[in-house]
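Residue numbers (this note's numbering), protein chains in the order written: chain A, 1 to 763; chain B, 1001 to 1763.
Calculated from the structure, these hints are not laboratory results.
Bear in mind the structure is a predicted one, so any value in this text is a computation, not a measurement.
For glycine and all other residues, C-beta sits at the position ideal for the given N, C-alpha and C.
Hints are supplied without guarantee of correctness; some may be wrong.
The following label-pair restraints were derived from C-beta to C-beta distances [to be verified]:
1) G1352/B - Y448/A: 36 to 44 Å
2) R462/A - D1447/B: 57 to 65 Å
3) T129/A - P1239/B: 32 to 40 Å
4) F545/A - D1201/B: 40 to 48 Å
5) D1201/B - N479/A: 24 to 32 Å
What follows is each chain in one-letter form.
There are 2 protein chains.
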Amino acid sequence: MRKLLSIFLVFPGLLVAQKQALTTFVNPFIGTQNAGHTYPGATVPFGSVQLSPDTDTIPMLVNGQYQKDVYRYCAGYQYEDSTIVGFSHTHFSGTGHSDLGDILIMPSNGAIQWNPGTESHPEKGYRSTFQHVNEHATPGLYSVFLDEPKVQVKLTTTDRVGIHKYQFSTSKDNHVMLDLTHGIYNYSDKNVWCFVRMENDTLLTGYRQTNGWGRTRTVYFAISFSKPVKNYGFKNVKPSSYNGFWRIFDVENNFPEAAGEGLKAAFSFGNESMVMIKVALSPVSIDGALLNLKSECPHWNFDAYAKDAESRWNEALNMIQADFITPEEKTTFYTSLYHTLLGPTLYMDVDGQYKGLDQRIHRADGFTNYTTFSLWDTYRAQHPFLNLMVPKTNADMIQSMLAHYDQSVHHMLPVWSHYANENWCMIGYHSVSVIADAMVKNNPGFDYKRAFEASVTTSNQRQYQGIAAYLDYHYVPENLSGNSVSKTLEYAYDDWCIAQMSNKLGLDTFSQIYVKRAQSFEQQFDPKIGFMRPRLSDGSFKKEFDVLSTHGQGFIEGNAWNYSLYVPQDPKRLMEMMGGEKRFIEHLDSLFTMSLPDKYFAETEDIMRDGIIGNYVHGNEPSHHVPYLYNYTSQPWKTQSCTRMILPKQYKAKPDGLGGNDDCGQMSAWYVFSSLGFYPVAPGSPNYALTSPSVTHAILHFADGKQLEIKTKKQSAQNVYIQSVTLNGVPLELPQITHSQITGGGILEITLGPKPNKTLFRP
Amino acid sequence: MRKLLSIFLVFPGLLVAQKQALTTFVNPFIGTQNAGHTYPGATVPFGSVQLSPDTDTIPMLVNGQYQKDVYRYCAGYQYEDSTIVGFSHTHFSGTGHSDLGDILIMPSNGAIQWNPGTESHPEKGYRSTFQHVNEHATPGLYSVFLDEPKVQVKLTTTDRVGIHKYQFSTSKDNHVMLDLTHGIYNYSDKNVWCFVRMENDTLLTGYRQTNGWGRTRTVYFAISFSKPVKNYGFKNVKPSSYNGFWRIFDVENNFPEAAGEGLKAAFSFGNESMVMIKVALSPVSIDGALLNLKSECPHWNFDAYAKDAESRWNEALNMIQADFITPEEKTTFYTSLYHTLLGPTLYMDVDGQYKGLDQRIHRADGFTNYTTFSLWDTYRAQHPFLNLMVPKTNADMIQSMLAHYDQSVHHMLPVWSHYANENWCMIGYHSVSVIADAMVKNNPGFDYKRAFEASVTTSNQRQYQGIAAYLDYHYVPENLSGNSVSKTLEYAYDDWCIAQMSNKLGLDTFSQIYVKRAQSFEQQFDPKIGFMRPRLSDGSFKKEFDVLSTHGQGFIEGNAWNYSLYVPQDPKRLMEMMGGEKRFIEHLDSLFTMSLPDKYFAETEDIMRDGIIGNYVHGNEPSHHVPYLYNYTSQPWKTQSCTRMILPKQYKAKPDGLGGNDDCGQMSAWYVFSSLGFYPVAPGSPNYALTSPSVTHAILHFADGKQLEIKTKKQSAQNVYIQSVTLNGVPLELPQITHSQITGGGILEITLGPKPNKTLFRP
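Generate coordinates for the entire structure from the input sequences, incorporating the hints supplied.
Structure follows, in structure tokens:
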């Protein structure tokens, strides 16, 4: 045994012979400029802690006007900013709504400054200017040199603990600020309560409770310092009427506890030139945070923690070993894969306890609990990707959704949930898509019957956005519930998903009900104009109607031109309704080629102008399946040229490389799938649509040990058309590939060329 | 077995043959008028829930002025008020500072009114007028008829559950209001957060979090309705900036959850004419509240719960069976005993879990956890009384104090603590008195060594009110810490208590240290004027000095005339310092006979004018031992006449019968002890001072089954002087009786007469 071990130590590479150093191809700055809303900081795959610099703070309300475009700060960081306020421990990746930014810490020097200051006057606060040349980020490690306090900062994390290393340049008046009033959010009245205790000279415990996008959210923490704190003080910037303590004690000088709506703290380390800080979070309790701290961070070796984080990322990224023609493509691919694996995030203590939607403490029995379900986005490609590559993790996420359902007073699966809160963002009940996809693809990690019951109950919750009307009218009348067409179309798809579950479970009665409900999309189609169109409760179509506008036309984050194509479960029927293949193809072609009048750009949400190609909006999600719809016509080669066109156009290996919000990995998952040459047009179906891969070569390593090798021949930027495709030597007869074909493994060989092979995939 | 049981059922009286129906002698309205600050509602001995009517609500801030004298509402109820706002579940008894008033419920009829209205315009809100003739209160049961909604209300409780019975006079539009914005407190910004969920049509769960006198306090609840709620709605009267929900859902109509800073709710029962409500509280969690509800309240028989509560009170009151000359005296005595047994209150769930001072969840291991320790008051007589009559309960309270110490980041025993908070009210570290008293009297229910260590550590906490200066100067200099003389005197007494513990444990080194510290009182005495007097840090006495004023003179809740007598641990030395017995007696005499100039009444805190006799302030605590100080002179008969004079003067069997705050039972405990003829002048000493009892006959039933019978001969309002006293036939030679003599049991026989027997107690 000893001998064996020493061999491993001498040749550790042998153990991971096939592993490549893929973290070097991840650039966490991609998407940090403009609307990508990603963060550059440190985390581990699906980790609880996202320790990242915030370049601006909560908005200042001056004369009734918020002074910052807070939407830009959903992830706390904007690449163009010149200052860093501090390092907070929780961040969404790519969302279009803001929250989190908990527990901001910042090293400082000289006189203590309690306020962050402003970007134009950083010297008036604890914030600091910084230079991108002094800033580095790789998966699991972020570092920056802060100009003003002259501090070299390094950040890494474990699952539940953020680890800071501050190397000061001076040897006097070094201190660390903790600002519990800092947060990421649209409004400045987010804080509800804070509580802190200095347990001893190296340990602070407490919690911060907020009312943000997550309405009732508490983050408990335990903060451990590597050096004894020499002096400290708390400040309550929002004191309440009665303050018995503050009258009796000198509470701002080494008084070991404080509570209040707006707490800040300063910790002085005098002449210590290096301080490390470990910040453990818990969704449950201070005890939970202490347990997490002790379990995950027993030592003070920063480099070892950073190496562990990097190893975990390398392990994760190696699930797909892909090569490309250009380094830019490889970086874009692995950064996309990295972004795809950021969430949903772990939400439980090491002992399995977590806070439920009912605000009560639960213990995850037999699964790992996750949170941050941006389901309107992620059901499309991100969850299908997780279901394909990390099915156990995806099943745990489904179990987390089912726990949410059990805890829901509405008896509903999550819509958009985070940190024990349902924020009800967007529409649909797309949890059912994630569940159906996992069931249809035989993911064994959850109870199908329980999941089915939860899905059916969710789909009949009449109080939820227009469902009562949907059930009564078989479509959502616009006068009864806004964004009605989007709702009908998405409910119809979701109901088709429930029908797939019913089929899987052999529940014919339910199949019939939900197959019927799934046809509701037909109710919204106006054959006179060839578009989906809002209807009123009297059955009539909405009179004034602009098929290009995204506002007030019955749609959400999309116009009729895009959304009319949202029937992923039945493109054939859609094509029929639209007047047959010819007109359908014309509609698709026009989407990519038309010139959208200027006025419509201004109103398009969540994306930059370059997130739009013609009238095709890739920066928002409703059309993500649309490039693949040519596959259902006699011109599948247009899917191939289209996805190969979108890949480099919408994803670039630079900070402003994303044309829209990454949306918790959905944008990135689209890139990963499309690069590999297949995409789940209708999750809940076992089929993926085939397209022209951009990889030169790739190996997908599945959880069961099998692998699929993707080989392309004659790959180039021009050779975007599939000439032939074989799986294990057998030609594929349709432009699709099934889940079992993929996971069965073997070799998928694709020969490419500069012209379409129009005889391919013809019956 | 079956036979035996049926005998019990036929003659249940046999089991409690000796028990008397003593609840009939309790009038819970005593002290509810003016400054007594007691509440008339229902509770059980030391119960968690005090379900009582509130006759006014939190103060309204109008033009920067609070519109109510909020001090009057420390217990929520003022007898002279004409309206009831509703029934809330937590109340202090007799405090001089306000808090609690959690979870207000009020039956209503007709159109829903969300606000309470005002006393002058009750019709503008949900409050109602009521008549005292329709109001009844006995231990464990409160009832009232509400004029406006015409509802007969009955309230009772178990340990942790408040039970309401509402009999409506109409059979339509009957509903129940829940106002979570209601609270008892000095300021109107008390609410921090509320969370509620309608779990099903008969169950509401949630919590209310406040920042009041208890800075960080949360009450969790589960509310069960006996009839299904037909319709309900929540209203958030303090909405925050973002309200995603309130946009999407019709949240005020049968939407099953709400959260926010200021929640109210209305529950409609339509034509149901009788509704019962069970409100279970928990300090820990919603789960805890549900567990408490299930464990304590399995059925819906209101009368059975009320009978249980009454039985528990009767059992408790029967610990002393006493008779008096007048019914008024008996009512005053049993009401005093009732008030003495209201707190400290139970603070844990049925499974032993409770919230600690560290805001973390703990499990009480081997003890029952209590809260609400008003120690500056209760160490004097209330805890000694509990230690005598319910030593196990008192030991559990000490264990609760030790748990507080373990959880204290300051490493201090409680000062004035309630509901997992230390509010730091008043001065001293009088926990050590309670501990020393229990140790000296051999109460076996706690770990002496641990308690001693906690006491020593507490007494050396330099950050706490002037302790640093006290340790450095051997007195508290007034220029370094206000109310300095009171602090020195009380710290000296507390240190004497620690010396008694040291003696008990044989720790001579500590005995020497604390005996020396206990002499600090000498530092405050100015022999030139014969009074205790503030000193400055240069050693000089404060120049301008008014021995009658209670403000700015170095004292708290007392003037120099009263406080100069605060050396309960060593009256002999005090007498020496004051110039010998003659001058000491003159000082004592003057206290009771002098005429206090009018201007001093206005500034006397917490008490009514009739709480003062001469210059003796019985309505505040610092002089409670003073009437007994004659016992240390050659004129002990003056103690006898004095206490017999105070008893009827300061305690009357009517709503305004208390001359000052009952202070969590301290005022009442004085009455109980003094009526029985003995009093613990210096808790921590095994001796009680003897006085003339007012009982005609009494039996004290101790926990170990022994009993002491007190027999008086020639008892009358005039015969206040002891002629002779024997214990088990043996004359007592000193005007004192020891703890072991009392608890040893037997017969204490006292013959009384109209003139002092001046030969008695002379050596």
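Enumerated hints in conflict with the structure, sorted upward: none
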